[in-house]
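*Asks:* One-letter residues, chain by chain:
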Amino acid sequence: MSEATTLRLRGIKKAFGEQVVLGGIDLDIPLGSHTTVIGKSGTGKSVLLKCISGLLPPDAGSISSGDSKGAPPCSYMFQQNALFDSMTVEENVALPLREKGKAKKAEIEERVSDLLGQLDLTAARKKYPAEISGGMKKRVALARALITNPEIILFDEPTTGLDPQRKYSVFDMIRSYRKRFGFTVIMVSHDVPEVFEISDKIAWLDAGQIKYWGSPEDLLANPPEDLKPFLNPQLTSV
Amino acid sequence: MISKIGRQSIRLVSELGELASFSAKASVALPGQRHILEKLTRSLFEIGVRCVPITLIVGLFTGLVLGLQLYYVLTKFSSESLLGQAVALSIILEIGPVFTAIMIVGQAGSALSAEIGIQRNAEQIDALHTMQINPIGFLVSPRLWAAIVAFPILTTFFDLIGIYGGYLTGVELLGVDPGAYWNRIYDAVSLQNIFNGLVKALVFGVVTTLICSFQGYFTHRKADIPGARGVSQTTTRAVVYSSIAILVFDYLITSFQMAK
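Same order as they appear, the protein sequences are chains A and B. For the first sequence, our numbering gives the first residue as 1, with consecutive numbering after it. For the second sequence, our numbering gives the first residue as 1001, with consecutive numbering after it.
Calculated from the structure, these hints are not laboratory results. Keep in mind the model is a prediction, meaning the values are calculated, not measured.
Cut-off 25 Å, straight-line C-alpha distance, at most; resulting in silico cross-link-like pairs (DMTMM-like, lysine to aspartate or glutamate):
1. LYS100(A) / GLU1123(B)
2. LYS1039(B) / ASP85(A)
3. LYS13(A) / ASP1126(B)
4. LYS1222(B) / ASP85(A)
5. LYS100(A) / ASP1126(B)
6. LYS100(A) / GLU1038(B)
7. LYS137(A) / GLU1115(B)
If we strip away everything but chain A, and leave its shape as in the complex, we get (with noise of 0.2 Å):
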């Protein structure tokens, strides 16, 4: 794969303190694919999306892609989809249009009303988040992440908390939405194996380290010794 199509990670190093969280991680996530980060909880999945979108500053490493230093336009998707209560769905939506970049006030309206369209949200444009269910948030959480046509998307467990009914709407609206729109999808989850049906890659992280990088279909196959734990997980008497 060439290095124009890939998002570099080399040496990506975070500690807090004393307690060191991410070891030194290398990866090349192909750009256009999804890419699941699994692990337990406290292995700093997050803490890795959040290096990569610039939240957290690494304290040693390197992002690049191509040429350039530094991941390509990303947008990101947080556990509680972040959305301003007092503003309304388009207005959540036309944020970063409004605030940043030179679109004037008639083409954000125009590319708004589009992707809310796109989005099944048109019904729902004039109501404020607290008025509208769980995966109608999701959803505007999504537009607001694509407003501005990002290359990657950052998916912070997007699935918490929800039943599997909508576990599964919410893994159906990402998959179809990355073939409509073609972005890149790093996501972090614990939805084992559910999250196999959607990644292209799954990328184990453990102790700092990423312990396995590859297909789910691989993974399945031959799944290393000490994940087998974490994927099927038994229930001890105690």
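Fit chain B to the supplied structure of chain A, relying on the hints for placement.
*Replies:* Using the frame of chain A, we list chain B on its own:
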């Protein structure tokens, strides 16, 4: 014991440094924003218009009580005719700016700190970062500049209604001559007095808005416990620190004004 004092001192200096850096960023971030007028108008409504009723109520009752108290003090020296002057100078120079600032902190400052704190916990501030929107410029700067405008105006309202409250007690209730009341004010209150009072209001506006925003913005680091409890803790702290800062700065500014 010594190491504990040392740790506390380092923490205090570091916090003051963070506050100074935050203040500098908030002061200069407004020009980089889009829709400045819209943001300023909204902030002026929150800090200014919404605080008008409480300012007028407190101002009126402060004037009423002051008229009553000063009347009985001045009667002892047969100087009731000085009531207007005493009420006006007390309110314009001290009580007006201080009480107005404390009222605004109680209403708008606490709301500001809690709102920003909740936005921090809901990852909305991180979301602004990822959208390449300067969160301090978006959330804090418009409020800071609105406070610079609103505090002196609200203080003027307080002064006027307070002086009128003194009139109601002194003249209407206790029988002081109305001509003496207004003439004494006209003779004794200079433009410099009014200016000095408004300078205090402006400084209180800047200091309290920055303290309240700072506590909310860094609620995840300042609170002992994260989450709702943390927001409540930093909001309380914002009000307490702001109230103390008002009195400390009142003393400092008065000292400078008296020394001139």
